[in-house]
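Q: Sequence:
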Amino acid sequence: MEKGSKRQIVYIGLIVFVFIVYTLKLASIQLGEVPYKKMAINNALNKITLYPSRSNIFDRKGKLMVYSTQMYDLSSFPYEINKLDTGLLCSILEIDLPTVRHLILDARIRAKKRQKNNAFNNSALFYANLSNKQFTLLRENIYRLPGFYIESRTDRQFATTSAPHALGYLGEADESLIALDDYNQPGDLVGITGIERYYEKQIRGIKGIKTVWQDRTYTERGVVKDTQFNYPSTAGPDVISSLDFDIQEYGRLLLNGKKGSIVAIEPSTGEVIAFINNPDYDPNTMVGRERAKTFKALLRDEQKPLYNRAVKGVYPPGSTFKTVMALIAMQEGVVTPETTHGCGGGYRLGSIRVGCHPHGGPLDLRGSIRISCNSYYCQVFRDIIDNPKYGDVKVGYAALEKHLRSFGLGSQLNIDLLGESRGNIPSVTQLNRRHGDRWKSSTVISLSIGQGEILLTPLQICNVAAIIANRGWYYAPHLVKKIDGFKDTSWDRKYRIKKFTTINPTYFATIIDGMSDVTKPGGTANGTGINDIEICAKTGTAQNSHGKDHSIYMAFSPKDNPKIAIAVLVENGGFGATWAAPIANLMIEKYLKPGVETSKPAMEERLKTSVIK
1269 MEKGSKRQIV YIGLIVFVFI VYTLKLASIQ LGEVPYKKMA INNALNKITL
1319 YPSRSNIFDR KGKLMVYSTQ MYDLSSFPYE INKLDTGLLC SILEIDLPTV
1369 RHLILDARIR AKKRQKNNAF NNSALFYANL SNKQFTLLRE NIYRLPGFYI
1419 ESRTDRQFAT TSAPHALGYL GEADESLIAL DDYNQPGDLV GITGIERYYE
1469 KQIRGIKGIK TVWQDRTYTE RGVVKDTQFN YPSTAGPDVI SSLDFDIQEY
1519 GRLLLNGKKG SIVAIEPSTG EVIAFINNPD YDPNTMVGRE RAKTFKALLR
1569 DEQKPLYNRA VKGVYPPGST FKTVMALIAM QEGVVTPETT HGCGGGYRLG
1619 SIRVGCHPHG GPLDLRGSIR ISCNSYYCQV FRDIIDNPKY GDVKVGYAAL
1669 EKHLRSFGLG SQLNIDLLGE SRGNIPSVTQ LNRRHGDRWK SSTVISLSIG
1719 QGEILLTPLQ ICNVAAIIAN RGWYYAPHLV KKIDGFKDTS WDRKYRIKKF
1769 TTINPTYFAT IIDGMSDVTK PGGTANGTGI NDIEICAKTG TAQNSHGKDH
1819 SIYMAFSPKD NPKIAIAVLV ENGGFGATWA APIANLMIEK YLKPGVETSK
1869 PAMEERLKTS VIK
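Just so we're aligned, residue 1269 is where the sequence shown starts under the numbering used here, counting upward by one.
These aren't lab readings, by the way, just hints derived from the structure by calculation. Worth double-checking, as some hints may not be accurate.
Cut-off 20 Å, straight-line C-alpha distance, at most; resulting in silico cross-link-like pairs (DMTMM-like, lysine to aspartate or glutamate) [as the list claims (entries may be wrong)]:
1) Lys1351 / Glu1408
2) Lys1861 / Glu1872
3) Lys1881 / Asp1450
4) Lys1469 / Asp1494
5) Lys1329 / Asp1506
6) Lys1580 / Glu1688
Here the structure is a predicted model, which is why all the values come from computation and not from measurement.
Based on the sequences and whatever the hints tell you, model everything.
A: Here you go:
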């Protein structure tokens, strides 16, 4: 064989060898070594999440309540951090070396979860919410920290601190929220409570993507111009809440120094005008790096500022419940507006005695509301469930229960908040368990005046006032009035369904007349009324086995074409007329006469400055 031929064979063999080695290496990248493949890709291209601004939330009149603010995070590719200048990083973030190691471990855990959730890169949040100083230093030195980059996102700011339980707060998405919605990734901020949580999908906006060229140190060297690799984030649409900013602030001022709750509803729509709890918290402390620390402190607080009394707190409704009993009694045919009953200081039946405050008598139905006579309603209760047409007290009670549940009692009203309590309307089964199978109307007589096993939330009490104002119907209470530009209206469909009670509308007139007498001379809330405003109301005192009784009051106004229904509960406040009634009536005045000084300055000052322990 000639030398030239031998040389050709060597050259060809060498080329084949190189080709085989190259092919095998390429196959290992494409088929076997997945981490190496990702590294190879990421060293060329990477996709950066563009976080959108969440929705601005406005009150019903257009006043801004919640808005987004820009913040910057330090994010990383934690598995690609090799030679890290820990001294520089510690100096910039003002943390120690053990903290850096802990943050790297956390970031790697987040990155694994992101990959598990099919995230488009293996980056993860490293250090959230940089201060201005940290941001400036990092921007100047980021090239010295390979594997790190600065990421922009938004947090929240609250223009009002009076509605934290209604508006809610944000927190980092945990595993349960990520499992529910694969849009969420570890490190994402999501709504945890309130409107922020209930309308998360509408409020959060849509993430965008920026695809960038990066070198081996993950330093950005340019943006890929092809639009198929890039699209901007879309901000959440404006949300118009049903809350009234001014009424919310005013009610919180009046409730200062007292434990309790205030709920106000527009009867004709079910829109919640005011939603107040005390104790509460400043929602602006639940943002930024101090979020977790603040949350832990609030959890430990014995005053329970995170507790949403308006929808989770359950209380005996006391004498506010008599309005419902009166309506059911008329529907059942056991009373008419002219039916009278005597009192004599209380109701007596054998060894059973239910006391009542001194008053004249006998009283007709309207007078029983104005005076709030216990004896009248004990008699009415027995007439309903002992009615011969039912033949058995349990059948009679079941009929009563059916009427009560038509008012939305004993079930969730489906307000647009999570965690709403059903309250309690005892069933026959429940009464059997409590009292045995041989109970009688006299055994459960305390139910007649809103005591015993009956428990309602402040929201349910307010909704009763709205039902009476509407003469027998209601819309489910809700906190959001409108979401701008949102084509899918399925979220609010349930708030456009009119619900009716079992009571004939003609029976409401007498009860409303009685309620209109409550703030007038001879009524239980005499002296708390407002000049030139007709308020229809009912006071209540809820028995409390753990201390002083609770002060309760529900009302609506005006009498005709009502614009507002309201319920106020002041824990350990005693009689309904002492604290709850003046708070509610001043708020009604403020709502119906905006911008006008109160006609009750002394009453207003007392409420602003008084403390109930």
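Q: Against this structure, judge whether each hint is valid.
A: Hints, verified against the model:
1. For the hint linking lysine 1351 to glutamate 1408, the alpha-carbon distance of about 19 Å falls within 20 Å, and the restraint holds.
2. About 15 Å separates the Cα atoms of lysine 1861 and glutamate 1872, which keeps this hinted pair within 20 Å; it holds.
3. The hinted pair formed by lysine 1881 and aspartate 1450 fails the criterion: a straight-line CA distance of about 47 Å is larger than 20 Å.
4. Distance check on the hinted pair: lysine 1469 and aspartate 1494 sit about 29 Å apart at the alpha-carbon level, beyond 20 Å; violated.
5. Taking the CA atoms of lysine 1329 and aspartate 1506, the gap is near 13 Å; set against the 20 Å cutoff, the hint holds.
6. For the hint pairing lysine 1580 with glutamate 1688, the CA-to-CA distance comes to about 6 Å; that is within 20 Å, so the pair holds.
In summary, the numbered hints that this structure violates are 3 and 4.
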